[in-house]
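Chemist: Now for the letters of each chain:
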Amino acid sequence: MTQNNPLLRLEHVSKEYGNQTVLNDVSTTIASGDFVAMVGMSGGGKSTLLRLIAGLESPTNGQVSQQDRIITELNTDSRTMFQDDRLLPWMTVRDNLTFGNHTPQSIEHANDLLARVDLSSFAESYPTDLSGGQKQRVALARALMSHPKLLLLDEPLGALDAFTRRKMQDLILDIWRQEHLTVILVTHDVTEAARMANKVFVIKNHRLAWQEHNALNYPRNNSQAVAAVADDILSQVIA
Amino acid sequence: MQLSTTQLKHQTALPSRRRHHISRQLIPWLVPLMLLIVWQITAQAGVLSASVLPAPTTVLQDGIALTQSGELPRNLAVSLFRATTGFAIGAIVGFVLALLTGLSTTWRLALDSSVQMVRNIPHLSLIPLVIIWFGIGEPAKITLVAIGVFFPVYINTFHGLASVDPELLEMGHVYGLTRWQQFRQIIFPSALPTILVGIRYALGVMWTTLIVAETVSTSSGIGYMSTNAQDFLDMKTILLCIIIYALLGKLSDTMVKALERQLLSWQKGNVA
Amino acid sequence: MKKKHHAWLWWIVLALWLVVAGVGYMDTQTDAKTSSSTKTVRIGYQKGDIFDIARIQGGFAKRMKQKGYRVVWKEFQTGAALLTALNSGKLDYGRTGNTPPITSQASGSKLVYVGAASSRANSSGLLVSKTSSAKTIKDLKGKKIAYSKGSSSQYLLLKLLAKAGMSANDIKWVDLDPGAASTAFSQGKVDAWVVWDPYVASAQVTQNAKLIESASSVNTTDRDFILATSTYAKKHTKTSSTLLSELETSMEWANRHHTTLIKDLSSALSLDKKVVTKMVDRRRYSVSGMTQAIVKEQQDIADTLAKAHDISGDIDVSKAVLTTSQ
Numbered sequence: 001m002t003q004n005n006p007l008l009r010l011e012h013v014s015k016e017y018g019n020q021t022v023l024n025d026v027s028t029t030i031a032s033g034d035f036v037a038m039v040g041m042s043g044g045g046k047s048t049l050l051r052l053i054a055g056l057e058s059p060t061n062g063q064v065s066q067q068d069r070i071i072t073e074l075n076t077d078s079r080t081m082f083q084d085d086r087l088l089p090w091m092t093v094r095d096n097l098t099f100g101n102h103t104p105q106s107i108e109h110a111n112d113l114l115a116r117v118d119l120s121s122f123a124e125s126y127p128t129d130l131s132g133g134q135k136q137r138v139a140l141a142r143a144l145m146s147h148p149k150l151l152l153l154d155e156p157l158g159a160l161d162a163f164t165r166r167k168m169q170d171l172i173l174d175i176w177r178q179e180h181l182t183v184i185l186v187t188h189d190v191t192e193a194a195r196m197a198n199k200v201f202v203i204k205n206h207r208l209a210w211q212e213h214n215a216l217n218y219p220r221n222n223s224q225a226v227a228a229v230a231d232d233i234l235s236q237v238i239a
Numbered sequence: 001m002q003l004s005t006t007q008l009k010h011q012t013a014l015p016s017r018r019r020h021h022i023s024r025q026l027i028p029w030l031v032p033l034m035l036l037i038v039w040q041i042t043a044q045a046g047v048l049s050a051s052v053l054p055a056p057t058t059v060l061q062d063g064i065a066l067t068q069s070g071e072l073p074r075n076l077a078v079s080l081f082r083a084t085t086g087f088a089i090g091a092i093v094g095f096v097l098a099l100l101t102g103l104s105t106t107w108r109l110a111l112d113s114s115v116q117m118v119r120n121i122p123h124l125s126l127i128p129l130v131i132i133w134f135g136i137g138e139p140a141k142i143t144l145v146a147i148g149v150f151f152p153v154y155i156n157t158f159h160g161l162a163s164v165d166p167e168l169l170e171m172g173h174v175y176g177l178t179r180w181q182q183f184r185q186i187i188f189p190s191a192l193p194t195i196l197v198g199i200r201y202a203l204g205v206m207w208t209t210l211i212v213a214e215t216v217s218t219s220s221g222i223g224y225m226s227t228n229a230q231d232f233l234d235m236k237t238i239l240l241c242i243i244i245y246a247l248l249g250k251l252s253d254t255m256v257k258a259l260e261r262q263l264l265s266w267q268k269g270n271v272a
Numbered sequence: 001m002k003k004k005h006h007a008w009l010w011w012i013v014l015a016l017w018l019v020v021a022g023v024g025y026m027d028t029q030t031d032a033k034t035s036s037s038t039k040t041v042r043i044g045y046q047k048g049d050i051f052d053i054a055r056i057q058g059g060f061a062k063r064m065k066q067k068g069y070r071v072v073w074k075e076f077q078t079g080a081a082l083l084t085a086l087n088s089g090k091l092d093y094g095r096t097g098n099t100p101p102i103t104s105q106a107s108g109s110k111l112v113y114v115g116a117a118s119s120r121a122n123s124s125g126l127l128v129s130k131t132s133s134a135k136t137i138k139d140l141k142g143k144k145i146a147y148s149k150g151s152s153s154q155y156l157l158l159k160l161l162a163k164a165g166m167s168a169n170d171i172k173w174v175d176l177d178p179g180a181a182s183t184a185f186s187q188g189k190v191d192a193w194v195v196w197d198p199y200v201a202s203a204q205v206t207q208n209a210k211l212i213e214s215a216s217s218v219n220t221t222d223r224d225f226i227l228a229t230s231t232y233a234k235k236h237t238k239t240s241s242t243l244l245s246e247l248e249t250s251m252e253w254a255n256r257h258h259t260t261l262i263k264d265l266s267s268a269l270s271l272d273k274k275v276v277t278k279m280v281d282r283r284r285y286s287v288s289g290m291t292q293a294i295v296k297e298q299q300d301i302a303d304t305l306a307k308a309h310d311i312s313g314d315i316d317v318s319k320a321v322l323t324t325s326q
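Protein chains in written order, with the working numbering: chain A, 1 to 239; chain B, 1 to 272; chain C, 1 to 326.
Where hints are given, some of them may not hold.
If you want the ones that stay clear, here's a sample from chain A, every Cβ over 10 Å from chain B, calculated [to be verified]:
| id | residue |
| --- | --- |
| 1 | ASP112 |
| 2 | THR128 |
| 3 | LYS167 |
Some chain B residues judged to face chain A by a derived CB distance under 7 Å, without partners named [said to hold, decoys possible]:
| id | residue |
| --- | --- |
| 4 | ALA162 |
| 5 | VAL164 |
| 6 | GLU167 |
| 7 | LEU168 |
| 8 | GLY176 |
| 9 | TRP266 |
Pair ranges (Cβ atoms, derived) [what the hints assert, rightly or not]:
| id | chain 1 | residue 1 | chain 2 | residue 2 | range |
| --- | --- | --- | --- | --- | --- |
| 10 | A | THR128 | C | GLN29 | 43 to 53 Å |
| 11 | B | GLY176 | A | SER27 | 27 to 37 Å |
| 12 | B | ILE22 | C | SER267 | 44 to 54 Å |
| 13 | C | ASP281 | B | ARG119 | 49 to 59 Å |
| 14 | A | LEU74 | B | VAL93 | 52 to 62 Å |
| 15 | C | GLY142 | B | ARG119 | 42 to 52 Å |
Simulated from the structure, these hints should not be mistaken for lab results. Bear in mind that the values here come from a model prediction, so they are computed numbers and not experimental data. Just so it is clear, CB atoms sit at the ideal spot from N, CA and C, and this is done for glycine as well.
All chains should be built: construct the whole structure from the sequences, respecting the hints.
Modeler: See below:
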């Protein structure tokens, strides 16, 4: 692993809202190409950590840096996918990717990505005609439009049914491996973390309580092995 | 007032099945048609004297006579000019002001509470002031219509801009949209349905204000025709004017609805 | 795709709309266009009044033009709007009945009497429907009588009551402007109606209504007056006298040419010829300057209204007159 030259470096990061501490002295590194799953109970601070990395908020103390650049404002080298799709309902699926920028290159790129998420035939449709899973696939394609180094996923699969969710997991894993992305996934589903991530962070009581490599080989089709890892993570979360 | 009827749904559910399609287009005309028939029958049977309620055919003959004499087309044209100019001025000022207050906190603090305060004044009570400031010519009438149109456009535009989903705005920020792109791609389209509701409402206000404006020193316009007819109990012309107003109101409303269908085709049910 | 098909249709409707509005714009410009090298006199009138007659007849504006004045006519639907315009200087001269100048003087406005028209005593009065059994106002005790507040009908009704020895509380006062009163009267919603011509003639002819009391029976004249703001009248005494003498010429013409006048008025007012004939035949048209006698008439109206608390406080009518003749 490239621990000596990490993509992201968090140093003594704290975040307070008034008197309330949300994150307390978090320090870690994330290597380029990692798939990190951040798990923990609700209100534990994992979403806040993701927002700090995205540059949507700044830490009260400490600093977040990406490739030696300290993140003080919007991290333009990252893209975030939210729990809800946040598609613009008045734009076609393709325009949601290009934001109405109709240069031939951006249209071609959008078409490629729609093909990648298997939605080519919906390019001209409006979001209202799509199912929940299809909308999240559009959101994923949109996140990839600017070739980001870092993909931040804020529980994007939380609202999907079990089958759709499983297919989405495989799609994200595929893209992660083919595009050489770095992914940070916030989830409260320990099985999802065990299935997808090669590195697991447990955030508990506003601290980074536990981090561990998940050495299972991809594709992780052995459900017993995955369940065992998930069990490990779960015991750390509730310990 | 219905200024806050932003929940008004825009043209929902056009059924795809064809046999429903035709009946859907016909049913709204059924009640007016029935009224017309009942009206004609009662008038012909002499239940009501012609001075109280002349028959629709009498009204139609009056309309034809007034058209041939050139009086009706001329008054119609003048009314349409006043309505359109007043509407354009009121709607543009209302829209621009709402853009300022809706998008800038400084402007909002400076202006919005004043506008909200003034909006509850019935604008027709301003007639004496308008006469003193703008005289009795066309500017006064156009100003009255503009004032009437201003408030629904301002209030709905402001409300539309202010109630944009903050999550979409955050998404736009995260995806690196410029301020102009944020406005063009997110804020404006999101406010558009509410703005169009304001415009539809403003068109109604436009006609009602115009009737009253046309009672202030004038010798032309549909409002003039009808008050003049009222003074001399000319029932058929009064009814003719009422019907013309109804038709003009329906026409302008239908035009905005067509515009809505064009601009809001992304809404479910609007997609052809 | 079917929707797209319709879109162009709406563009055509919109274009037509704008074209018609453009035609309307041209129309509103036609009377405002003429150049203003000559002195402009702006006159406010209401349908069928003495100015309207002078306007329809046409000679008035021509003769004024020869003397260097361009006449601009402004029609008003109500006396109140006319007075507002006059007070704010949007008009130079305006005509009203006998009561508006008094109420407006009482409220402190600076209008003055420029001239007075001849008596309308025979064509203003109290109307009842053809089926009514009332012979005099005494028979209307406790009944609803329509009038217009601030108009000559208010004073006339007070006078009629006084003559009959009745008090203001003996009847129910219903304040309606003539247009609305006309409807209410024809529907029997009010029992009687105090009004002036052409409403009286119209009700008499079309509904066979009975005029049971007229202004002449209480010795009032129900004149029209020509008003101006005092600042304007002081500066333009010559304009005022020209206006009055030319108006008088028009009135003389009107008295001599009843047939033409009736034809013109009935088409301008869209009134039945029979109604106009009745109205024209019972009146002699004339205008003059203010005289002591006319000032006294007006003072009596002011005193009556003050006593009935319809205006606040006493006023001196002579203060609103620049000069009196004879």
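Chemist: The structure should be examined with respect to each hint, and the outcome stated for every one.
Modeler: Hint check results:
no.: 1; hint: ASP112; in the structure: 18 Å, holds
no.: 2; hint: THR128; in the structure: 5 Å, violated
no.: 3; hint: LYS167; in the structure: 24 Å, holds
no.: 4; hint: ALA162; in the structure: 18 Å, violated
no.: 5; hint: VAL164; in the structure: 11 Å, violated
no.: 6; hint: GLU167; in the structure: 6 Å, holds
no.: 7; hint: LEU168; in the structure: 6 Å, holds
no.: 8; hint: GLY176; in the structure: 6 Å, holds
no.: 9; hint: TRP266; in the structure: 4 Å, holds
no.: 10; hint: THR128(A) to GLN29(C): 43 to 53 Å; in the structure: 50 Å, holds
no.: 11; hint: GLY176(B) to SER27(A): 27 to 37 Å; in the structure: 29 Å, holds
no.: 12; hint: ILE22(B) to SER267(C): 44 to 54 Å; in the structure: 48 Å, holds
no.: 13; hint: ASP281(C) to ARG119(B): 49 to 59 Å; in the structure: 54 Å, holds
no.: 14; hint: LEU74(A) to VAL93(B): 52 to 62 Å; in the structure: 36 Å, violated
no.: 15; hint: GLY142(C) to ARG119(B): 42 to 52 Å; in the structure: 45 Å, holds
Checked against the numbered hints above, the structure breaks hints 2, 4, 5 and 14 and satisfies the rest.
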